[in-house]
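S.K.: Protein sequence lines, in the order shown, are assigned to chains A and B.
For the first sequence, this note's numbering begins at 1 and goes up steadily by one.
For the second sequence, this note's numbering begins at 1 and goes up steadily by one.
No lab work stands behind these hints: they were computed from the structure.
This structure is a prediction, so every number in the text was calculated from the model and none was measured.
Beta carbons are placed, not taken as given, at the ideal position from N, Cα and C, and that holds for glycine.
It is possible that part of the hints are untrue.
What the hints assert, rightly or not - According to the in silico footprint, chain A covers these stretches of chain B (three or more CB under 8 Å from chain A):
id, segment
1, 23 to 30
2, 230 to 242
Unchecked claim - Which stretches of chain B does chain A cover? Using the computed rule of at least three CB atoms under 8 Å from a CB of chain A, they are:
id, segment
3, 48 to 60
4, 155 to 168
5, 245 to 254
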Amino acid sequence: MWAAIRYRRAQAAFLVLLSTLVSACAAFAPLYQRSLEQALLRTALSSASVADTALVVRGGRGPANPSFTSAALEASVPQRVRALYRTPIGAMTDSVEIRPAPNKKPSPATLVSRDRVCEHLRIVPGTCPSAKDEVLVSRADLRSWDWKLGQVLATPVPGAGGAAPALTRNLKIVGAYEVLPAPAYWMRTRLDGKSGTPLVVGTEVLPGVDDLVTSEATFDSDWRQAQATLAFPLDRRLFTLDSLGEISELLHGSGTSSRQGIDGALVETRLPVLIDGIRVGQQRLQVIVPLLMAQLGLLAAAVLLLVAQAAVEQRRPEAALARLRGHSSHGAARLVRRELTVTVALGLPLGFALAVVLTAALRRVVLPAGVPFEVPWQSLAGLATAALVCVVMIRLAASPVQRLTISALLRRVGGERRRRVGLVDALAVALAAFGVIGLGTGSLQGPLALMTPTLVALAAGLVTSRLVVPVVAASGRANVRRGRVGAALTAFGLERRPALRTVVTVVSVAVALTVFAANAVVVGERNWTARAQLETGAPVMLDTDSRSPTALLSAVRRVDPSGDVATPVAVVRRTDPGSTATLAVVSGDFDGLAFQPRGTTYRLGALAPPDVASVQLRGTRVTGRITWDLAIPAGETVQLPSGQSGRPRPPVTEPGGDPSELRIRVTTPDGQRLTRLLAQVPLQGKGSADLDAPLLCPRGCRLDGLEFRKTAELVSAVTGRLTITGLGLDGRSLRLSSPRQWNRFTAPATSSQDTLRLLPSRGDTIALEIVNTGFSVELDHADVPAVLPGLLAGPVPPGGSVAGFQALGVNGTPVTVSAEQTVPALPVLGGQGVLVDYETLARLGGTLPDTGRLSVWVGSPADADRVSAGLAAQGVTVLGRHSEAESKARLDESAAARGLRLAVFTGVMAVLLAGLVVIVLTVTGWRVVARDMAALHLSGVPLAVLRRALVAEHVVPVVVGAVVGLVCGLVSSVLAMPLVPLFDSAADPVPPLDLGPALPAVAAVALLVVGVLVAVACAAALGAGRRIALRRIRDSL
Amino acid sequence: MTRGLRVTTRGLVHIYRAEGHDVAALSGVDLTVAPGEVVGLLGPSGAGKSTLLTLFGGLMRPSAGRVLVGDHELSTMSEADLDGFRAAEVGLVLQGAARNLLPYFTARQNVDFAQQPARRAGRDVPPPGEVLELVGMDGAATRPLGSLPPGQLQLAALAVALASRPGLLLGDEPTSQLHHSSRDLVLDTLHRVNREWGTTVVVVTHDPDVAARLPRTVTIRDGRVGGEGRSGEEYAVVSADGSLPLPPAAVDAFPPGALVRVHEIEGVWTLVPESGGLQDG
């Protein structure tokens, strides 16, 4: 047997290499998956703070437990859960009121005791409090309020429900502290940072005071409302992949609270959230890894079978000899099987070692630090499976030796056998068809779904290789008739040799798998990039401390007047997380700076601010002339309040009630919206008067609109006409009479009859038709439209329609927005929100609400520092920086992304396997080929023609297989990509997944693969061609 | 000394099944080879010589008729019995020395390999060295086959066929593609084996020089025994059904369809053509 292996040492070497790849594939998947899971665990742990993974027990003193301390809370945690955590950190807190200075009102503060607190504080000056009522104050407070060591701070002790009499405790300052950074100790506790910060308490603003630190002895039974917490830091050594299930069961199943603890104690931990996140990641890997590896496994098994068949074919004469010498059919088959099995077995441990080395390299290069070296049992099972597959495939391949008679074994394979559709072909076609239909209808899941892409290629390769035989035979005959020796030799060679079937099939599957893998990676990359771009909206997003959209717009424009480098962005959310948030961007800057989701073109032109310039009011007094012609409903009596006698007064017609008011609405440069009274006009009647009202805008204002309101409460309505001529400032007209300068009036309510409608007029006159029942009717200046155009993602907010719905403006006031376009996703906001024009909204002025954030998008990371510095120079501080690259990097570290990179491995392995097959088949048949060619050479065919024919004979199956594989890979990509989870989150992906095939990348990869395989085929053919020599005619050994 | 096996066929017919049509390779061969006899099978290509040889070796089953080798009726033996028969009773040398040898073994190892089934069956087989010595290649027995000249390779093939000391040695063109000296060496070896072991030897050959060195030759023509030669004398052979194929020279005188009278005149049987007489139809 060893002699047989040595005799075909080149073939044996390639078989060993093939089995090495097969076992490497089988062992690598579980090794890599385990490493990825470990990486997932470590990424989750490293991104989680100690507080995130801690278990915290909270309890408050009450009548049933008037004097317990934090240590008593430990009994609230079941012992099995307790074992997961390290030594707890206990703390007691209660509210105190400290008068920072004699002339100040007492400020609310917190009295804190915490285990081993002085080890985590720098005490300068003073000592750690040890006795009751001794306290440390912050160094900032000590300085700010000029407190002295030994000074006593009196505070009332919060009573128990107000029933007990108030107590006062005198807290003696024994030192001052500075907090040492120790996140693992402090968790979410922050003692300082409040000193001097204004606190709004009721209607008063009080100076903030940092926490006072004391010993637990201070919290005697007088502190009846004291709160205790006991925080258990997670013992992360116990938090392993193997213990995840147990920990999850402990925290979910049996609960974290014990009945033995303090009544009402609350046990909290966010660890289950962390575990759930890891679980989702594991689930993603459990789909992706088998999806890719099952296909590679199928390819490897097919390659093994086909190569083994070729090897067995080559050994048929030896099997025949064995039969001739009296060996049974079983014995002859065993002879062949043993040689091939031993050869293949040599590669199995090598493959396992290769998988281990490859995983170790990836662990070192790609995965985060700390991922341990492990050999999970699944990898050994993979090795065993590879061994089993090898044995089965060799057994299948050797079965003809057992079945055929000696005379059949002695003959070369008949042509009719190659043309016959076999059971394997029929089975592959049936399974592939079943898989395609299942995937197409979405009804197929499980292993067959995972293997369908490869099955499709396998079936197509097998069928094509059958169909090619008669085609090349016909081609051969045609070329013979035309006297083209080389082409005829190529065609007949293809027809005769079984390698055609093997190479076409294997190359089909390999190219299909590589195309599928490449497409999967590129599609994943595309979707991760889209998500990252959507998260930040632009290459860089700078969060600012600005609260004024107008001021930020001004600041950004000073830094970048063109809007090509940076642009302001406002995000305003409502408190309800499911509501529609607002994103305001400068629509004109968007295209140059921001990202648009692939496949979506925002109709940004519809968002452009109106072509009406804002009117800047720079002056001291509003001037002009006002004329009115107003009436109240006929017969309506102005009912004045009854006099002391209680008798109603008679109807009064002149003068009639309180005058109505005409106001001008302005916005200040800081965005504040103000109204100024322009004139009071009589409730009814005609008349005119000069306007001369103070503007009160020392730094100038923007004209926002006009308002009219009837103030007389006893009149149901005022109707009539009002004209304003020469409305201006300090006698200079503002020329506001054009109708296009004003928005159409919008009624305050749909049922309202109120109106303030602009009438046609001549000259510098604004003519208004008025119907007013008491609502303030407004005529807005047209620099801001009455209904803002917007781009809507997600459903129309409740109560609205596409034509108009309520959204929050950047100043927190509702604005009416129409959905000019419904888009699948919006930057920053994701799948639900509305995009409006920043400049338009900024014209409305006002300040950002608490739920809003003002940011600056920067078009290039290279400009981020310059923009930050420029903003700082304008008084705008950049609080944080987010980049698309960071978001992308975070997504790249997700389990789905890391898992999908396995596709690169499968693609490379597929090409390697295909290349090996080409080489093995050439090596297997070179003696026969060389002999045949030598005979032809003897007949006078030139060597060059023979060699060219040989090269063509090797290249044609590769090209045919590659074309079939490319088509199958594309079909599989369309069918099977929905099976590939691209994100760790179970929520619907935003933006919607774009799973369209990446044609340029696929074409490039296919070309590369074809190039490699054609080169291999050429090299193998030339190698065989070099052996064409006349001596081969007699040389059969 | 091995006892040579008798080979007897009766009405042996073999038909090759081909796509669309059948080809009768043998159409009623009656032949007997006595134990220890050396016989050459002659005839044109496609006459059925090699088919007859493979039927003697149990590689195929006849379509009709019987083949007896020694006591074995090959047409009715099971596959296992045929395996045992090939392991011990018969040695076959295929055309082309290389086809008889495992290329990765030396001659000695090939002999050893060929003896394994016989050994397993409990058959007493000669040491490989003895077999190799018998064929005269003990010196080259351990050299790689690739380094051996054609004559030595043919001797190695012969040694492998003789590995289990069979009672019947079959050779399909054992001297083809050999130089005269090598051819003579192989023929000498065949005669030595026959002489020393008593082995029955049946060889197929096209070579008249080879045929001339064989004591008995049987010519197969169109799937039947067409004649025999013994010690240089040519004979027509009456078959079991009484038919007598004429020698080629006589066929010219008696074209197919010719009517003849058969007369015995003083112990001599004479064929007398009927003048102008061709059989109708």
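S.K.: State for each hint whether it applies.
M.R.: Taking the hints in turn, this is what the structure says about them:
Requiring three or more residues with a Cβ within less than 8 Å of a Cβ of chain A, the coverage given for the segment 23 to 30 of chain B is violated, as only 0 such residues are present. Look at the segment 230 to 242 of chain B against chain A: 0 of its residues bring a Cβ nearer than 8 Å to a Cβ of that chain, fewer than three, so the hint is violated. Coverage of a stretch by a chain is defined here by at least three residues with a beta carbon nearer than 8 Å to that chain's beta carbons; for the segment 48 to 60 of chain B and chain A the count is 4, and the condition holds. Counting residues of the segment 155 to 168 of chain B whose CB lies closer than 8 Å to any CB of chain A gives 3, so the stated coverage by that chain holds, three being the minimum.
Here the segment 245 to 254 of chain B counts 0 residues with a CB under 8 Å from a CB of chain A, which misses the bar of 3, and the coverage is violated.
Violated hints for the displayed structure, listed by number in ascending order: 1, 2 and 5.
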